[in-house]
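Participant: Each chain, letter by letter, is given below.
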Amino acid sequence: AQKVTQAQTEISVVEKEDVTLDCVYETRDTTYYLFWYKQPPSGELVFLIRRNSFDEQNEISGRYSWNFQKSTSSFNFTITASQVVDSAVYFCALSEALGAGGTSYGKLTFGQGTILTVHP
Amino acid sequence: NAGVTQTPKFRILKIGQSMTLQCTQDMNHNYMYWYRQDPGMGLKLIYYSVGAGITDKGEVPNGYNVSRSTTEDFPLRLELAAPSQTSVYFCASSYHGSYNEQFFGPGTRLTVL
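Chains A and B supply the protein sequences, listed in that same order. Each residue of the first sequence is one higher than the one before, counting from 1 in the working numbering. Each residue of the second sequence is one higher than the one before, counting from 121 in the working numbering.
Only true hints are included.
As a list, the in silico DSS-like pairs of lysine-lysine whose alpha-carbon atoms are at most 25 Å apart:
| id | chain 1 | residue 1 | chain 2 | residue 2 |
| --- | --- | --- | --- | --- |
| 1 | A | K3 | A | K38 |
| 2 | A | K38 | A | K16 |
| 3 | B | K177 | A | K3 |
| 4 | A | K38 | B | K164 |
| 5 | B | K134 | B | K164 |
| 6 | B | K164 | A | K3 |
| 7 | A | K38 | A | K70 |
| 8 | B | K129 | B | K177 |
| 9 | B | K164 | B | K129 |
| 10 | A | K38 | B | K129 |
| 11 | A | K3 | A | K70 |
Honestly, the hints are just simulated from the structure, not real lab data. Here the structure is a predicted model, which is why all the values come from computation and not from measurement.
Whenever a hint applies, use it, and build me the whole structure from the sequences.
Facilitator: In structure tokens, the structure reads:
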């Protein structure tokens, strides 16, 4: 069965510090998709990135970067020069292409989330 | 383009009452999902649908029912509410399923007393 682990329950940093959020996943599928979502204090879920299992290239988007390593089953998220507005809960999620029944229909398995607090 | 909308935003139920959480999307997505988020936890899948008339159970379906009569709407029914169903409920939709990101509604905060 698929599983996503975010071992860091809470992280607290001071503004302008860099911070890395860890995500480790388990799956038997060879084709799968990894996601990061942000949940700000207002409660909605905001999509940040999708990465498929065949693409191990790291990605950078402004202050955000993602490091995908299949060898360690990890998909870590780094925020450079953190800002107060980055304070939120961040979720890593996994979707298998096939799953146990032959197709997963995009069902997401979420990690427990990491609460990031950025202090001014 | 409103995306995914959910009503109500908040609701308090008494034990044993029933209610329907409404979810509508205007993106013509075939795939729709219901998740619940308990405090300090990630989201867990309750039910999902791959098109009108087709639904299936997720990880935590007990105590819930769904229907999908149109592409746009995917209501979640709670029968005989229990305190264990106190949670925040999110509806989501996606175009393709595994490949595409899911778009989430704003959530419904439900308390069962």
